[in-house]
Amino acid sequence: MRIGVPRETKTLEGRVALVPAAAGDLVKRGHEVWLEKDAGVKSGFKDADYTALGVNIAPDAAALYEKGEMIVKVKEPIAGDLQHLRRDHLLFCYLHLAAEPALTRHLLDIGLTGVAFETVELPNGDLPLLAPMSIVAGKIGVQVGTHLLHQPMGGKGKLLGGLPSTERGKVVVFGAGKAGGASAALAAAAGANVTVFEMRQDRMDEMMRLGNNVTALYPYHDVVAREVAAADLVIGAVLVAGARAPHVLSREMLKGMEDGSVLVDIAIDQGGCFETSRPTNWKEPTYVEEGVTHFCVTNMPGAVPQTSSQAICAAILPWVNKLAAGNEWRNNPALVRGINVESGKLVHPALEGMQL
Numbered sequence: 001m002r003i004g005v006p007r008e009t010k011t012l013e014g015r016v017a018l019v020p021a022a023a024g025d026l027v028k029r030g031h032e033v034w035l036e037k038d039a040g041v042k043s044g045f046k047d048a049d050y051t052a053l054g055v056n057i058a059p060d061a062a063a064l065y066e067k068g069e070m071i072v073k074v075k076e077p078i079a080g081d082l083q084h085l086r087r088d089h090l091l092f093c094y095l096h097l098a099a100e101p102a103l104t105r106h107l108l109d110i111g112l113t114g115v116a117f118e119t120v121e122l123p124n125g126d127l128p129l130l131a132p133m134s135i136v137a138g139k140i141g142v143q144v145g146t147h148l149l150h151q152p153m154g155g156k157g158k159l160l161g162g163l164p165s166t167e168r169g170k171v172v173v174f175g176a177g178k179a180g181g182a183s184a185a186l187a188a189a190a191g192a193n194v195t196v197f198e199m200r201q202d203r204m205d206e207m208m209r210l211g212n213n214v215t216a217l218y219p220y221h222d223v224v225a226r227e228v229a230a231a232d233l234v235i236g237a238v239l240v241a242g243a244r245a246p247h248v249l250s251r252e253m254l255k256g257m258e259d260g261s262v263l264v265d266i267a268i269d270q271g272g273c274f275e276t277s278r279p280t281n282w283k284e285p286t287y288v289e290e291g292v293t294h295f296c297v298t299n300m301p302g303a304v305p306q307t308s309s310q311a312i313c314a315a316i317l318p319w320v321n322k323l324a325a326g327n328e329w330r331n332n333p334a335l336v337r338g339i340n341v342e343s344g345k346l347v348h349p350a351l352e353g354m355q356l
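Each residue of the sequence shown is one higher than the last, beginning at 1 in UniProt numbering.
What the hints contain is simulated information worked out from the structure, not anything from laboratory work.
Remember, predicted model here, so these are calculated numbers, not experimental data.
Possibly wrong hints are sitting among the right ones.
Below, computed lysine-lysine pairings styled on BS3-like, alpha-carbon distance capped at 27 Å [as the list claims (entries may be wrong)]:
1. Lys10 to Lys46
2. Lys156 to Lys67
3. Lys10 to Lys139
4. Lys156 to Lys322
5. Lys322 to Lys345
Required output: the full structure, derived from the provided sequences and hints.
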């Protein structure tokens with residue numbers, strides 16, 4: 001199969017879907033791999049690193065999409081990509097269509113088959129292609145949130161870990177999956193007092209084992225309002241696979257927080273889990289609502305493309321191999337579950353009834 005890897009065009013996005021070693025493995029399997037010129041540079045990989053392993057370089061996006069039968073990229077296609085996509089393309093990337101009705105309409109009009117990383121689902125419910133970027137986003141959420149609490153950034157001037165004679169900072173995390181768990185672990189390691197809201201008992205147990213400064217609670221409304229009001233940093237990491245994220249924090253709750261506090265919405269790709277969330281990018285990453293700084297960048301892992309590209313590539317390569325081997329992949333339940341659009345129709349159950 002001819003596999004095309006385009007350069008990512010989202011604002012300040014630095015990731016590449018296939019690192020050189022992975023692309024080289026596909027070549028060894030007999031596939032023809034094409035990379036758009038300089039697609040790997042921001043992740044630390046030069047075109048020469050690819051050509052040394054038998055990868056072809058396309059001079060621009062038009063040539064890349066023309067060559068490719070399967071398009072493997074990281075983020076959802078945007079305007080520059082959509083003009084090149086065709087009905088016969090098999091698109092494999094993050095799509096997050098529940099929060100993108102306009103993109104969904106475009107893909108349906110094109111008629112291609114779109115398999116989304118975030119909805120490839122194993123029989124036990126695990127999402128293997130979402131997990132690595134969720135972990136990266138969870139860690140970035142705490143790192144960025146810590147920085148935004150600094151007074152020169154408009155924050156309240158609180159050091160999360162504290163020190164003798166001072167109070168520790170308080171972090172509230174919604175969701176104890178891969179992203180929320182990573183956030184809680186990093187915040188706890190920094191010395192903050194951490195409260196994690198979660199509904200699953202096994203995940204609550206896991207959070208409690210992070211340390212004596214971590215508390216896991218069921219998200220009763222009154223308890224959520226109390227904990228959020230006392231928080232310096234709130235991180236949203238709530239996921240319903242393939243669907244819009246539910247709102248777990250209302251504007252009314254936000255009004256109870258101190259000015260200069262920080263909200264980080266990792267669920268923004270799926271529409272956001274705070275009532276006051278709206279998508280931002282790395283060029284203009286924050287805004288203020290009710291005195292609270294919001295960070296809602298839709299491609300948080302794109303800030304560390306070298307790490308993120310290595311992690312996502314290791315996760316997706318086995319699945320790229322399956323997709324590239326022929327129509328046998330349609331007998332794979334996990335990949336079939338990952339199909340979001342095909343032949344002009346919405347396929348994934350979480351997208352049923354979506355308003356376009």
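Note to self: Of the numbered hints stated earlier in the document, which are not met by this structure?
What the structure shows: As far as the earlier hints go, 2, 4 are violated by this structure, in ascending order.
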